[in-house]
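When you get a sec, could you build the whole thing from the sequences and use the hints?
There are 2 protein chains.
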Amino acid sequence: MDGMKPHIIILTEGHSEPNTAKTAAGILRYRGGEVAALLDSTAPRATAGELLGVGDDVPVIHSLNEAPDADTLLIGVATTGGQLPPSMRAHIREAIQRGWEIISGLHAFLSDDEEFAGLARQSGATLTDLRRNTERDVARREGLRHDCLRLHTVGPDCGIGKMVAALELARGLTAEGIAAKFIATGQTGIMIEGDGCPVDAVVADFISGAVEKQILSQQHHDVLVVEGQGSLIHPCYSGVTLGLLHGCLPHALVLCHPLGRTHVKGLEHIPLPSLDETAELYRGLANAAHPCHFLGVAINSRGADEAAFAAEKNRVETLLGLPACDVVREGPGVLVTAARRLLAEREGA
Amino acid sequence: MDGMKPHIIILTEGHSEPNTAKTAAGILRYRGGEVAALLDSTAPRATAGELLGVGDDVPVIHSLNEAPDADTLLIGVATTGGQLPPSMRAHIREAIQRGWEIISGLHAFLSDDEEFAGLARQSGATLTDLRRNTERDVARREGLRHDCLRLHTVGPDCGIGKMVAALELARGLTAEGIAAKFIATGQTGIMIEGDGCPVDAVVADFISGAVEKQILSQQHHDVLVVEGQGSLIHPCYSGVTLGLLHGCLPHALVLCHPLGRTHVKGLEHIPLPSLDETAELYRGLANAAHPCHFLGVAINSRGADEAAFAAEKNRVETLLGLPACDVVREGPGVLVTAARRLLAEREGA
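Top line first, the protein sequences correspond to chains E and X. Every number in the numbering used here is 242 more than the matching position in the first sequence, counting from 1. Every number in the numbering used here is 242 more than the matching position in the second sequence, counting from 1.
Any given hint could turn out to be false.
Identical chains blur together in the list; that is why a pair holds if it fits in one copy or across any two.
What the hints assert, rightly or not - Computed cross-link-like contacts, SDA-like style, restricted to lysine to any residue with a CA-CA straight-line distance of at most 20 Å:
#: 1; residue 1: Lys-455; residue 2: Gly-508
#: 2; residue 1: Lys-507; residue 2: Asp-379
#: 3; residue 1: Lys-455; residue 2: Ile-512
#: 4; residue 1: Lys-455; residue 2: Leu-509
#: 5; residue 1: Lys-507; residue 2: Glu-519
Hints in this document: simulated from the structure, not taken from any laboratory.
Written out as structure tokens, the structure reads:
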């Protein structure tokens, strides 16, 4: 989609802050050139960069009237439970009446909403629900190619950069001439990559099967980097995480580590385990299915100063004996190097 | 439903053997008095007891014409992937045309089948899809009562007796005057108990939330015994298992152990971990969410002779330091005793 003019309005009405608007942040980071504006009538007339820490000078607008050249409204929030914030309805209605494409990654499907569906029939607008799926295949653990290296990003919580780490690692490998592919498993990743599977929206019995299908269809690559979801200890989503882990059967994991986070995001009564306890849980469950080790650590140091980041990186590398980096702050170099080393070892073996 | 006359025909067409017809076996074991016949035109004219090892002299019939007093057709198989075996369609069509209730626990919903739905509109038949649900709540881990003891049955594979162990334990406690409740989490358990949640059919993000909702609604009991599903190492269903474990936050687990099974049922290329490795995986993941230990072991010794069972029971008790029994062969006595001891300890604490 390179070279496209800015034609997307990202709807973040009432939610223009980095945690809830994480879909917006992902689109701004990886498809920023296509984004004309953020739409939030409750936000100050600032820039995306100022509000979300990404997106530079993409403007915040208060009404669709301010974006005459756009043709797409993308819902930029990942709400708990995936419901549509009621305050967004008026904007969506207006975009549908203009005949736009409306792209949503919510669990509540726009195309199941009678009002929206009716308006879309009248205007010819397209309602795209990225989480809608009909996955009904169970996993078989057959036909996996030995010469396709499977990497997977995991961690102790949601919203810690598992998608960004996977994307950066896949792109870093690609930049060095390796046929690597990012396997998207969530709505934002699918919007960025253009394919993938929304594993958290699959009927529970078919989580691993849906992931396995993605793997089997992309094994012509040398490396697959599978986006992680949730956490093995997340009170809401641990089932998604384990089904995904056992569906993609990684050879190696990247441990994503949110500097300074001590409790589950949004559930502050639930403490996170320590970094090494977290690593041990993943090691146990991954190896119960397939031989697997850690490739390295992706530290998310957003908001920390250089000294705090350097100290944490040193602590993590010493504690776990693994290379660590912040893929946003420093690029994915050390993880790319570790993956190349693993590729070389496997080719030699 | 005690005292009801036999009015249910269990459809097992082409699948009248214990593994696939496990829904039939469960209904025969716990609602046997309501069952008029098994329907399988491919089976010999034997009894349910002869074909499934349960159900005594419930006859096998080849056509609905042989059951003039029935009014309910219950689909008695749990197929991989939950699809409807095509050979069952003719029988279902006929039952619908007679205006019966058709009860299904398949993933493929009868009421979504255009032919069946159309026929049911004409005849007034009822299509009941037990796995259909609209669960959209995430777990919160709030409001759990300390004085309601939560027990949960787990194990290394599917089809090893987790439902039966949970039911027998709950009934054993009830028989001793304790307010215990079986929490059904699968289609057969729901058919037997009359309530519960089909966790394997919930959209993946809401597995734990759906289970938590069951717990919160039944906390007026002194003990809840939550039916387990799948296995933490099952290639297809580990996500369901972990979401369930983290949704019900058990104080204690019953480890279900299938004597002699060495590989995943239906996926014979995948070996099972040892009994103590299995226990360790559950211990780690359960305790990552809530303090939890093992109450005892429920050995499924179906097909083994007394000597083999006694030897295995001795091995298991020595290896794990836990009381063990086969709830079908011996009753759940030692597990009931262990649960009563735990209740007393917690009251004293």
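Hint check results:
1. In this homomeric assembly, Lys-455 and Gly-508 come within 20 Å of each other (Cα to Cα) only across copies, at 19 Å, whereas the closest approach inside a single copy is 32 Å.
2. Proximity of Lys-507 and Asp-379 under a CA criterion of 20 Å is satisfied inter-copy only: 17 Å between copies versus 32 Å inside one chain copy.
3. Proximity of Lys-455 and Ile-512 under a CA criterion of 20 Å is satisfied inter-copy only: 18 Å between copies versus 34 Å inside one chain copy.
4. Taking identical chains as interchangeable, the C-alpha atoms of Lys-455 and Leu-509 lie at most 20 Å apart only when they sit on different chains, with a minimum of 17 Å there against 33 Å within one chain.
5. For the homomeric pair Lys-507 and Glu-519, the shortest alpha-carbon distance inside one copy (18 Å) is at most 20 Å, but the shortest distance between copies (32 Å) is not.
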